[in-house]
Amino acid sequence: MARYGMTVDEKLCVTCNACVIACKSENNVPEGAARCWTVQAEKGTFPFLSVETRSERCNHCENAPCVSACPTQATHVEEGGVVVVDQDKCVGCKACIVACPYEVRYLHPDGYVDKCTFCLHRVRQGKDPACVSVCPTSALTFGDLDDPRAKIFQQLQQRQHRVAKPEEGTRPKLFFLK
Amino acid sequence: MNFLDTLIDRAALSRARDLFRLRKEAPPLERAGTHALRALLVLALVGGVAVLVALARGHHVMGTNSEMPWGVLIATYVFFVAMTSGLCLVSSLGHVFGLKVFEPIGKKAIFMAMVTLVVGFSIIGSELERPLALLKWAVLSPNPRSPIWWMGTLYGLYLVVLVAELVFLLRDDHRRAKVAGIVGVVMAVAAHTNLGAVFALSHARPFWADALIPIYFLAWSLVMGASLLLMLVYLSDAFATGGSLKPESERLFDALRKLLVLFLSIVGVLTVWRFITNLGHHGQAFEVTMAYLTGPFMVSFWLFEVFLGFVLPLVVLLGSKRSSARAVTLAAGLPVLSAFVMRMNFVVAGQMLSLKPVVGPMGETMTYQPPFKGNTSGFLPYTPSIVEALIVLGAVAAVVLLVVGGLKTLRFTKEVQS
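Chains A and B supply the protein sequences, listed in that same order.
Each residue of the first sequence is one higher than the last, beginning at 1 in this note's numbering.
Each residue of the second sequence is one higher than the last, beginning at 1 in this note's numbering.
Extracted from the complex, chain A is given alone in its bound form:
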């Protein structure tokens, strides 16, 4: 059983937003909402300044608070540990939006909650998620965290990395390479 995850190489990301646009067109994300976005963060004080750049999306947590919060199992864990929302079962109570420490979810104009699916429909066809395919600097890597032959496995073996808000105990599967 695969355990899907993604790495974001902060050294390679140039925040061109190609991932954001690719995601929007691949998944028909409505105006004013996003399943994936980029961050430019200036750090430090003059003259010791640096800029952090990265692309963010759902962390597909192994211990996902949104899955516990959902009253109808609309938010559930699919193959490979991917957290997805079943649009039919979603009642729009927004408990998952409240429960998510990362604010990766939004209310779709059609009345259900939506977020990143790691493009599971593409992954099932053997393709990478849209954001990964389109990234011009190959800053994004998708793969099976348990497969020693996978690039993502080797990256996490060799490079320093972090996850968002580890103190939440959610065990995210989106890793930021330093």
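A couple of the hints might just be wrong.
[Unchecked claim] Straight-line Cα separation of at most 25 Å, SDA-like style, residue types lysine to any residue; simulated pairs:
| hint | chain 1 | residue 1 | chain 2 | residue 2 |
| --- | --- | --- | --- | --- |
| 1 | A | K43 | B | F379 |
| 2 | A | K165 | B | A209 |
| 3 | B | K136 | A | Y112 |
| 4 | A | K43 | B | L380 |
| 5 | A | K43 | B | S354 |
| 6 | A | K165 | B | G280 |
| 7 | A | K165 | B | A197 |
| 8 | B | K24 | B | R38 |
| 9 | A | K165 | B | E287 |
| 10 | A | K43 | A | E167 |
| 11 | A | K127 | A | K43 |
| 12 | B | K24 | B | F239 |
| 13 | B | K408 | B | V336 |
| 14 | A | K165 | B | H281 |
| 15 | A | K165 | B | G283 |
| 16 | A | K165 | B | A211 |
| 17 | A | K165 | B | M290 |
| 18 | B | K408 | B | V316 |
| 19 | A | K165 | B | F379 |
| 20 | B | K136 | A | V77 |
| 21 | B | K136 | A | E78 |
| 22 | B | K136 | A | K151 |
| 23 | A | K43 | B | L355 |
| 24 | B | K136 | A | Q87 |
| 25 | B | K136 | A | N17 |
| 26 | A | K151 | A | L12 |
| 27 | A | K127 | A | Q154 |
| 28 | B | K136 | A | K43 |
| 29 | A | K165 | B | N65 |
| 30 | B | K136 | A | P109 |
| 31 | A | K24 | B | K136 |
| 32 | A | K43 | B | H35 |
| 33 | A | K165 | B | L355 |
| 34 | A | K165 | B | R145 |
| 35 | A | K165 | B | F239 |
[As the list claims (entries may be wrong)] Some residues of chain A that are not near chain B, with every Cβ distance over 10 Å (derived):
| hint | residue |
| --- | --- |
| 36 | R3 |
| 37 | E26 |
| 38 | E78 |
| 39 | R149 |
| 40 | Q157 |
No lab work stands behind these hints, which were simulated from the structure alone.
A virtual CB, placed ideally from N, CA and C, is assigned to each residue, including glycine.
Chain A is already provided as a structure; the job is to place chain B on it using the hints.
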């Protein structure tokens, strides 16, 4: 006499329209009451239309958004179902635990509990994007780990228990009423503390994620139960006698006053320790607590939640030797107003700090590309939309109308039937 006739006074039901008919020769108090009921009817109808608009258009007509997903409707829902539990628990002292002094209000309290629960359900129904889908999938695809699933299940069952309890009480079937009453007490505590847990289990929102919240909710619901029943006792006497308490109600009135003193003291102690322990936390819980103590919530916290919420009522209720029944009733009404403000503040405060890192105190700045609109540093704003406001006003009006109507038409006292 058929089953319905044992519950409802049909003659009174057919006269229900008279409630809204202005009699020229009526005393001023009654005329004012008629005007008030007419205004409430209009408000309730407008609220009903607002509910339909909300059901049809969903979040498009709400003031909430993806960063502030819960708003005034959640607060109002919690407000009304807190009344349900409180009314049920306080009145159970009479018909479940056998304290004779509380027995006269048992039926009316259970009826009011039912009304507030039904109105609460209508509010949460208009807040949900797809309320009917919840009815379906809560049964077909339940998630027992979800406090919201438990909320729907417990309150749903609770309504059934309340209806049964009311029917048994109205038919003077005391043995069954007691059994239903015991189940009702358990459900009242379970449902309302679980509602506290909906917030307390939101680990991502540190201001809510506090083990005291379920207890805090329960304490507030007891305050509301005692206070509503005290107001009911005084007001129904006052309308009958032209402004004073009947001698036979004095013991009950005094017992409710004492209970209210106890419950208000508990709320006071819990409030003090909730806020002091939050001050010892780091990060969001501390920031939000400071927003209460000295920030944007300062006035509504100190004035409504603290001063009018329990300090002033306690002073008036404890000094009741010198306070008239009218003053005691007024003081008992204040916490109900505060309970609404408290819930409104609580719901908004838990969400008002964006979970995304923004400008840090050390000058660390972060610029977010597309994601959500209005993602600025500091506190996220929330203003209820017109539709949300009308639903809240309509709900208050509907509760008053249904209670008044029910008191007039249900057989709370058994007259001899020929």
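Report task. Sort out whether A/L12 lies within 25 Å of A/K151, counting only the CA atoms. Result -> The given pair, whose Cα atoms are some 16 Å apart, holds under the 25 Å limit.
Query raised in the report: Is the straight-line distance between the alpha-carbon of A/K43 and that of A/E167 25 Å or less?
Result: holds (21 Å)
Query raised in the report: Under the criterion that the straight-line Cα-Cα distance not exceed 25 Å, is the pair A/K165, B/N65 satisfied?
Result: holds (23 Å)
Query raised in the report: Straight-line Cα separation of A/K165 and B/E287 no greater than 25 Å?
Result: holds (18 Å)
Query raised in the report: Is it true that the CA of A/K165 sits at most 25 Å from the CA of B/G280?
Result: holds (21 Å)
**Report entry** Proposed proximity, A/K43 with A/K127 (alpha carbon, max 25 Å)
**Finding:** violated (36 Å)
Query - Proposed proximity, B/H281 with A/K165 (alpha carbon, max 25 Å) - result: holds (17 Å)
Requested in this report: Could you grab the alpha-carbon distance between B/K408 and B/V336 and see if it respects the 25 Å cut-off?
Outcome: holds (24 Å)
Query raised in the report: Is B/K136 within 25 Å of A/P109, Cα to Cα?
Result: holds (22 Å)
Query - Proposed proximity, B/L380 with A/K43 (alpha carbon, max 25 Å) - result: Answer holds: A/K43 to B/L380 is near 23 Å, not above 25 Å.
Query raised in the report: Under the criterion that the straight-line Cα-Cα distance not exceed 25 Å, is the pair B/K136, A/N17 satisfied?
Result: Status violated; Cα separation ~40 Å.
Query raised in the report: So is A/E78 really clear of chain B, every C-beta pair being over 10 Å apart?
Result: Holds: least Cβ distance 15 Å, greater than 10 Å.
The structure does not agree with the numbered hints 11, 18, 22, 25, 28, 31, 32, 35 stated previously, though it agrees with the rest.
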